[in-house]
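Protein sequence lines correspond, in order, to chains D and C. The letter at position 98 of the first sequence is residue 99 when you use the numbering used here, and the numbering goes up by one with no holes. The letter at position 119 of the second sequence is residue 120 when you use the numbering used here, and the numbering goes up by one with no holes.
Hints are computed from structural coordinates only; laboratory data are not their basis. Check each hint, because a few of them may be wrong.
Since the list gives no way to pick out one identical chain from another, each pair is judged satisfied if it fits inside one copy or across any two copies.
As the list claims (entries may be wrong) - With a Cα cut of at most 20 Å, we get these calculated DMTMM-like pairs of lysine to aspartate or glutamate:
(1) K91 / D24
(2) K91 / E7
(3) K91 / E25
(4) K65 / D50
(5) K8 / E53
(6) K91 / D16
(7) K91 / E151
(8) K31 / E123
(9) K91 / D19
(10) K65 / E54
(11) K132 / E53
(12) K66 / D50
(13) K91 / E52
(14) K31 / D130
(15) K132 / E30
(16) K91 / E67
(17) K65 / E52
(18) K66 / E151
Given the structure is predicted, the values throughout are model-derived calculations rather than measurements.
Protein chains: 2
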Amino acid sequence: MQSLQEKASAWSGVDQADAFAIDESNLFEKLGLQSFINLSTNFYTRVYDDEEEEWFRSMFANSKKEDAIQNQYEFFVQRMGGPPLYSQRKGHPALIGRHRPFPVTHEAAERWLQHMQNAMDESVDIDQDSKVKMMNFFRHTAFFLVAGNELQNQNQNNQVACKHAATKPAEE
Amino acid sequence: MQSLQEKASAWSGVDQADAFAIDESNLFEKLGLQSFINLSTNFYTRVYDDEEEEWFRSMFANSKKEDAIQNQYEFFVQRMGGPPLYSQRKGHPALIGRHRPFPVTHEAAERWLQHMQNAMDESVDIDQDSKVKMMNFFRHTAFFLVAGNELQNQNQNNQVACKHAATKPAEE
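Build out the structure end to end from the sequences listed, making use of the hints.
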């Protein structure tokens with residue numbers, strides 16, 4: 002079986018090394034907290050105002066915008082070299098698990114990325130090199146979650162087989 | 002709905018702050034890579050030799066012991082202040098997603114923790130204070146995964162409702 006990260010690379014066109022080039026330097030130290038707050042605020046303002054793609058906006062209908070912003074920038078800060086703000090408040094990021102309620106399709110990933118690219122284009126806090134690294138990370142991660150979503154649907158479609166699959170190997 | 006981390010705290014008896022006290026200092030810098038390799042090697046030697054609880058050992062039957070060891074210590078290193086070895090090789094930890102194939106029950110969490118406590122007790126590389134912090138992290142995380150496992154079973158039991166729950170709120 003193709004692994005989550007293999008699918009993420011194939012679908013996103015971003016290989017593993019480029020996706021995690023965010024780890025080559027400390028982007029939090031370079032950019033500072035406010036840059037991340039601004040980025041997530043811009044991003045979610047676009048998402049919650051998305052009138053062109055109502056199906057996308059509707060996925061966020063039951064979350065408060067302020068909460069969505071905080072969850073996102075705290076995760077970004079933690080993942081990009083800053084203090085573990087997210088885990089102190091909410092525990093493990095558990096990206097696939099926490100996205101379980103949402104239909105993370107290829108189309109949803111592309112729409113998410115489009116809003117993020119637009120927010121990034123407007124950011125005056127983030128230098129070009131960091132923007133490239135971050136977008137590669139986001140692009141790979143978005144499709145990693147599409148792969149996670151498909152795995153979940155597979156499990157649901159094979160419900161009985163799954164429940165008894167005590168010795169099924171972990172995703173490799 | 003009680004959140005993943007609230008369930009993890011209630012079931013483990015470890016509150017959020019104690020669980021993530023591993024972030025107060027850099028345990029990787031303090032302990033070094035070899036301590037983590039030794040710990041995971043000792044842990045999985047116990048797991049793969051677990052003849053008392055065959056049901057527990059059987060969960061690992063389709064994974065190679067060397068792979069299990071590497072996956073674990075690379076994740077620990079990455080999470081405890083070291084280089085992101087795990088993500089460079091495998092992508093996001095996605096703890097709940099990657100444990101999806103396994104029945105992570107309360108009993109499985111307790112058995113995991115018992116082996117880890119025994120491995121920790123034998124470790125000569127890890128000081129007492131770090132051992133306490135790490136075990137709190139492990140205990141909280143084990144029950145976080147039990148909570149994640151229950152969420153997954155819920156989803157499977159409400160298969161139709163779930164597939165259409167496009168606007169269902171994320172775990173809060």
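Which numbered conditions among the earlier hints are violated in the structure presented, ordered from lowest to highest? Violated: hints 5, 11, 13, 18.
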